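With chain A's structure known, arrange chain B on it following the hints.
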Amino acid sequence: MHYDPILAWQSMPDLLAGTATTFAVLLPVLVLGLMLALPIALARLETGPRAKAAAGYIAFFRGVPSLVLLYLVYSGLPQLSIVRDTFLWTFFSNAYFCAWVGLTLTHSGYMAEIIRGGLAAVPTGVIEASTALGLTPRQTLFRLRLPMAARYVLKAYQNELLIMVKSTSAVSAITLVDLTAAANTVFDYTYDPFTPLVTAAAIYWCIVNLMRTGFTLADRKLNRHLART
Amino acid sequence: MPQMGFVEQLGIGALMTIQVAVLSYLLALAIGTVFALATLKRRLPVDIIWQTYASIFTGVPSLLVAFLFYYAGSGMIASLFSLVGLSVTVDVSPFAAAVAALGMVYGAYLADIIRSAIQNVPPGQFEAARVLLVPRPTAWLFVILPQVLRLALPAMTNMWIVVLKDTALISLIGLKEIMAYAKLASGVTKEPFIYYMLASVFFLGMTALTYVVSQRIEQWTQRGYRPVAAKERAHAL
Chain A
1 MHYDPILAWQ
11 SMPDLLAGTA
21 TTFAVLLPVL
31 VLGLMLALPI
41 ALARLETGPR
51 AKAAAGYIAF
61 FRGVPSLVLL
71 YLVYSGLPQL
81 SIVRDTFLWT
91 FFSNAYFCAW
101 VGLTLTHSGY
111 MAEIIRGGLA
121 AVPTGVIEAS
131 TALGLTPRQT
141 LFRLRLPMAA
151 RYVLKAYQNE
161 LLIMVKSTSA
171 VSAITLVDLT
181 AAANTVFDYT
191 YDPFTPLVTA
201 AAIYWCIVNL
211 MRTGFTLADR
221 KLNRHLART
Chain B
1001 MPQMGFVEQL
1011 GIGALMTIQV
1021 AVLSYLLALA
1031 IGTVFALATL
1041 KRRLPVDIIW
1051 QTYASIFTGV
1061 PSLLVAFLFY
1071 YAGSGMIASL
1081 FSLVGLSVTV
1091 DVSPFAAAVA
1101 ALGMVYGAYL
1111 ADIIRSAIQN
1121 VPPGQFEAAR
1131 VLLVPRPTAW
1141 LFVILPQVLR
1151 LALPAMTNMW
1161 IVVLKDTALI
1171 SLIGLKEIMA
1181 YAKLASGVTK
1191 EPFIYYMLAS
1201 VFFLGMTALT
1211 YVVSQRIEQW
1221 TQRGYRPVAA
1231 KERAHAL
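Chains A and B, in that order, give the protein sequences. Going by the working numbering, the first residue of the first sequence is number 1, and it counts up by one from there. Going by the working numbering, the first residue of the second sequence is number 1001, and it counts up by one from there.
For reference, chain A alone in the conformation it holds in the complex (with noise of 0.2 angstroms):
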């Protein structure tokens, strides 16, 4: 068992393509997710039964597994008559589709429950005062709540951020080829899994690592008044 460093360059084509493919799956999610997450999460701070319903969708997507979602979207939904004989087939043949679909959903659920916390730590006078100084609601959310709540979150945001990444692992069960499948394909080619796999985790842990040192300049803008002098 060794490290084969030739045959690492050689399929460095197709593992890049795989890391192209993962970005194409993470990047869509990332954005869909946290558009969900935001009015989930508004619901969730309220009381009655919109609130109920906000935290059933939490609680569901939360305790499911991705993996689960992605076949439950990829070959579940097109038992059901309306998906398969109507115009959402277009949509639902597509296993990109289905992979954002699947993980926006579990994505949502994490960030819901994120921007929630971050929105529940926002002190209260915060939100008298620029109700007291005219602000309307939809001002106080954008302009005061939200900005405070991302700050507050942002330890949190990376975490979800980096599962994410590696969540996306999971898309090769619907035959898209990521980072993860294709290295499994050089593998199928090689019969040698040691350098393919090790290559591909050096790539998902450049990718990881990036993140993290970008999500550490972010923190020390956004929080330079939080840090010590």
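Calculated directly from the structure, the hints in this document are not laboratory data. Just so it is clear, the structure is predicted and the values come from calculations on it, not from any experiment. For glycine and all other residues, C-beta sits at the position ideal for the given N, C-alpha and C. Among the hints, a few may not be true.
[To be verified] Pairwise CB distance ranges, derived in the manner of DEER restraints: (1) P1135/B with L144/A: 52 to 62 angstroms; (2) R1216/B with P137/A: 34 to 44 angstroms; (3) E1008/B with I6/A: 47 to 57 angstroms.
The following block gives chain B in isolation, referenced to the frame of chain A:
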């Protein structure tokens, strides 16, 4: 409608999932505890090993680690033993690969949780135990451990759910657990929606069960922090 035979198989798969998850979690707990205790005092050689370990296993998807252990595991073990001049051939089963991968990945996370819990036990507790001449093992077991549990339990519960859910992912290396059987059943019956829904009901049920059990344990670990006297009802002024 789901057929009973396939549901039964799903049940067998669910037991496998629980087995893998429990064993992985115990392995992670062991690795986490060892690293947490070893890195309590900062010593350079231990620190380097720990940093490398944590960096690798928290920077790589657990699925990839499982693939690596499953496909390259026997080779890695063989070359490890050939260093000391032994020739050993071991077959790595999907089960062993899954448990090893999940245990080693989540051991890195648990080590952080456990270490910070130990560090958050008030130093007075350590000092008091030493002053009272409580033997070190007894002090760790009966003074520090219960307090560590109280501090670490919420995060440890979360980690358990993560491990359980990751077990589903690990099925991709060929483990015969609930997802594998759900896939098999949906292939045969052409009714994937039902079987994957059953699988998600299983995971939701396990999550709910976890919350019930963890509430109980949390209450037990917080027994020293509850007021002994019955709480008086707040009366309206």
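Hint-by-hint comparison with the structure:
A C-beta distance of roughly 56 angstroms is found between P1135/B and L144/A, which places it inside the suggested range of 52 to 62 angstroms. Separation of R1216/B from P137/A is about 41 angstroms and conforms to the stated range, judged on CB atoms against 34 to 44 angstroms. At about 50 angstroms, the beta-carbon gap between E1008/B and I6/A stays in the expected band of 47 to 57 angstroms.
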